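Turn these sequences into a full structure, and let the hints steer you where they fit.
These protein sequences, in sequence, are chains A and B.
Residue 1 is where the first sequence starts when you use the UniProt record's numbering, and the numbers rise one by one after that.
Residue 1 is where the second sequence starts when you use the UniProt record's numbering, and the numbers rise one by one after that.
No wet-lab data here; the hints were simulated from the structure.
No experiment lies behind these values; they were computed from the predicted model shown.
All C-beta atoms in this analysis are idealised placements derived from N, C-alpha and C, irrespective of residue type, glycine included.
Honestly, I wouldn't trust all of these hints.
To be verified - Sample of chain B residues facing chain A (criterion: CB under 8 Å; computed from the structure):
{"hint": "1", "residue": "Gly159"}
{"hint": "2", "residue": "Lys220"}
{"hint": "3", "residue": "Pro264"}
{"hint": "4", "residue": "Ala338"}
Below, each chain spelled out in residue letters.
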Amino acid sequence: MQPDLLRIEGLRTVFKTSSGLVRAVDGIDLSVPRGKTLGIVGESGCGKSMLSLSIMRLVPPPGRTVEGRVLLEGRNLLDLSTAEMRQVRGGQIAMIFQEPMTSLNPVHSVGRQLTEAMHVHSPGLNASALKDKAIAALKRVRIPSPERRFDEYPHQLSGGMRQRVMIAMALACEPRLLIADEPTTALDVTVQAQILDLLRELQADTGMSIILITHDLGVVAEMADEVAVMYAGKVAERATARELFEDPQHPYTLGLLGSVPRLDEERERLLAIDGSVPPPFAFPEGCRFNPRCPFAIAPCRAELPPLREITPGHQAACIRAPVENALSLESAA
Amino acid sequence: MSPLLEVSGLAKHYPVKKGVIVQKQVGTVRAVDGVSFHVNRGETLALVGESGCGKSTTARLVLRLIEPSAGTIRFEGKDVTKVEGGAMRLLRRRMQIVFQDPYASLNPRLTVGDAIAEPMVVHNIGDNASRRAKVHELLRLVGLAPFHAERYPHEFSGGQRQRIGIARALSVEPDLVVCDEPVSALDVSIQAQVVNLMKDLQARLGLSYLFIAHDLAVVKHMADRIAVMYLGAVMEIGDKGALFANPRHPYTRALLAAIPHPDPARRGRVTPLGGDVPSPMAVPPGCRFHTRCPFAQARCKQEVPELREITPGQRVACHFAETLPDPGLDYTGGLTEAATKRLALYDAARRKAA
Numbered sequence: 001m002q003p004d005l006l007r008i009e010g011l012r013t014v015f016k017t018s019s020g021l022v023r024a025v026d027g028i029d030l031s032v033p034r035g036k037t038l039g040i041v042g043e044s045g046c047g048k049s050m051l052s053l054s055i056m057r058l059v060p061p062p063g064r065t066v067e068g069r070v071l072l073e074g075r076n077l078l079d080l081s082t083a084e085m086r087q088v089r090g091g092q093i094a095m096i097f098q099e100p101m102t103s104l105n106p107v108h109s110v111g112r113q114l115t116e117a118m119h120v121h122s123p124g125l126n127a128s129a130l131k132d133k134a135i136a137a138l139k140r141v142r143i144p145s146p147e148r149r150f151d152e153y154p155h156q157l158s159g160g161m162r163q164r165v166m167i168a169m170a171l172a173c174e175p176r177l178l179i180a181d182e183p184t185t186a187l188d189v190t191v192q193a194q195i196l197d198l199l200r201e202l203q204a205d206t207g208m209s210i211i212l213i214t215h216d217l218g219v220v221a222e223m224a225d226e227v228a229v230m231y232a233g234k235v236a237e238r239a240t241a242r243e244l245f246e247d248p249q250h251p252y253t254l255g256l257l258g259s260v261p262r263l264d265e266e267r268e269r270l271l272a273i274d275g276s277v278p279p280p281f282a283f284p285e286g287c288r289f290n291p292r293c294p295f296a297i298a299p300c301r302a303e304l305p306p307l308r309e310i311t312p313g314h315q316a317a318c319i320r321a322p323v324e325n326a327l328s329l330e331s332a333a
Numbered sequence: 001m002s003p004l005l006e007v008s009g010l011a012k013h014y015p016v017k018k019g020v021i022v023q024k025q026v027g028t029v030r031a032v033d034g035v036s037f038h039v040n041r042g043e044t045l046a047l048v049g050e051s052g053c054g055k056s057t058t059a060r061l062v063l064r065l066i067e068p069s070a071g072t073i074r075f076e077g078k079d080v081t082k083v084e085g086g087a088m089r090l091l092r093r094r095m096q097i098v099f100q101d102p103y104a105s106l107n108p109r110l111t112v113g114d115a116i117a118e119p120m121v122v123h124n125i126g127d128n129a130s131r132r133a134k135v136h137e138l139l140r141l142v143g144l145a146p147f148h149a150e151r152y153p154h155e156f157s158g159g160q161r162q163r164i165g166i167a168r169a170l171s172v173e174p175d176l177v178v179c180d181e182p183v184s185a186l187d188v189s190i191q192a193q194v195v196n197l198m199k200d201l202q203a204r205l206g207l208s209y210l211f212i213a214h215d216l217a218v219v220k221h222m223a224d225r226i227a228v229m230y231l232g233a234v235m236e237i238g239d240k241g242a243l244f245a246n247p248r249h250p251y252t253r254a255l256l257a258a259i260p261h262p263d264p265a266r267r268g269r270v271t272p273l274g275g276d277v278p279s280p281m282a283v284p285p286g287c288r289f290h291t292r293c294p295f296a297q298a299r300c301k302q303e304v305p306e307l308r309e310i311t312p313g314q315r316v317a318c319h320f321a322e323t324l325p326d327p328g329l330d331y332t333g334g335l336t337e338a339a340t341k342r343l344a345l346y347d348a349a350r351r352k353a354a
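Set out below in structure tokens:
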């Protein structure tokens, strides 16, 4: 078997603020296999976007990645010089964001922005070759009449079209890894389905790996091969997508699953998670989910639970998992 | 008994002008283009559709925040399309709105207590002391605490702000609450809290909701009846059960099929609807959905389909509603036994803790 494309080991990113030390990413181990999709799920404020920025070394100050390694094909990105890292960004790793309107420059045409990205990474090409390449890129993301779109400005495109342009730009240099941070959150469901379909197709064509960051378990089920559920800067549960949905272990994962309105059942009330994500400078003692967890017991409040293997390849950071065993032991006692 | 709210042939057309000194009209944006529906007392009607379908404009028309170009609005059987002044103010007290963005809809300089009391001040309800008591009661009603009244909006999370928005809408004891995408800006777990709260409040206070949403899954939990809108017109309207069990319009089917289902085994089973919503400045002739419809035929390009009753309580604007192939929508098989069991344990433990 080929080694994983990307391995993250003990990654820790902190912010020194006046309210205290913010542990945005707090000791994360993950890996992304070649040609596969890793889904990262969690509520806003759980650190999932900060994790992707840490991989790209784009953490805004005063944030700093203080520990860990990010190994892309064995090379630690955290050791690279600024110039080397610039070659990696947009080269081997590309990124797309939630809001395509704010990621595109409104005063330049689509074509100019596309050719600019291509020029940076292949400076040898002349203007007409760049234009051909850009139009081919637009065609590849299935934008109708790409020759006309090449000269248009971002405001003339719909949200779905803009996201396609962003994807075309990201894929221009044939990255090995695409980080997609909530790529469909701002889009309508029918357009979301189109974009997810497109990403799957492009992945099959190019063999790239994808890190998909989302708060929507439905999107994860559509796209991901492996999933990491994040809560308060830590991984709460890790499994293959199949396993996670068939055998969810962590109470946080259960809460997320219960919150999704489903079409396949009549339920009067949704199973919400009570409370909200704690601010990162005031994480509770012990397990960070304990104040919101209905299964929490005294030891949960005392000690941070490590990620442990529940079944082969399936890990959860919960001392109570699987809950039915824990509960039946209690009622027997 | 007449329904609480009844709108018929409601339209809003915006002229598009060009030129700096001499302006001439070069087109019309048909944001809402002849919409009819009613909301019964104590029920929820959901308006569903993609962005640009005119659902928010419809909400604003109903509240008379903007003036309709055509059509009538009846409240308790009385025509209120042209009501002005004091009579309008009285009407406003009975129809309130909850907005989508809980960050933008609260004044950052007002304490939460003042924000909730403001509608009562506007409508001259009670005195300072009684308003204060009412604010505290409302805060408890939406799951916050009386001491929150002294705080400012920035101290609250998105879900809490939406609760404040709901409390403010309820402060004048309205009959109808228009909810304009009240949960779309929230995280799923928080969405569930707010949806549950809104359902509880409806049961306790007998509220009627006009619920605007783009997410059919959320709507399934909230609505009694659903109207699906596309490009300013209603494509299908009916009871929730019928609409989910047997959607008759191709657009309703496409919307249902596009919902990402939390079950990896179902991946890639549907072909997404192609294309984008056309511009409301150039609404296609005939059926306005024909440019994206997989079943479109020659007739659809010429003849506008009427919204007609197919089965009792379900009306569809499609020439071929009876003869469309089986949609093949299958919602079953979502949760495994292990997952269902653990979700039930989670629910039980949550109830015990509460």
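Cross-check of the supplied hints:
1. A cut of 8 Å between beta carbons decides the hint on Gly159/B: the least distance to chain A is about 6 Å, and the hint holds.
2. The criterion of a C-beta within 8 Å of any C-beta in chain A is met by Lys220/B, whose closest approach is roughly 6 Å, and the hint holds.
3. For Pro264/B, the interface hint holds, the least distance from its beta-carbon to any beta-carbon of chain A being 4 Å, beneath 8 Å.
4. Annotation: Ala338/B was flagged as interfacial toward chain A, and the flag holds, the nearest CB pair being 5 Å apart, inside 8 Å.
Every hint, counting from the list given before, is met by this structure.
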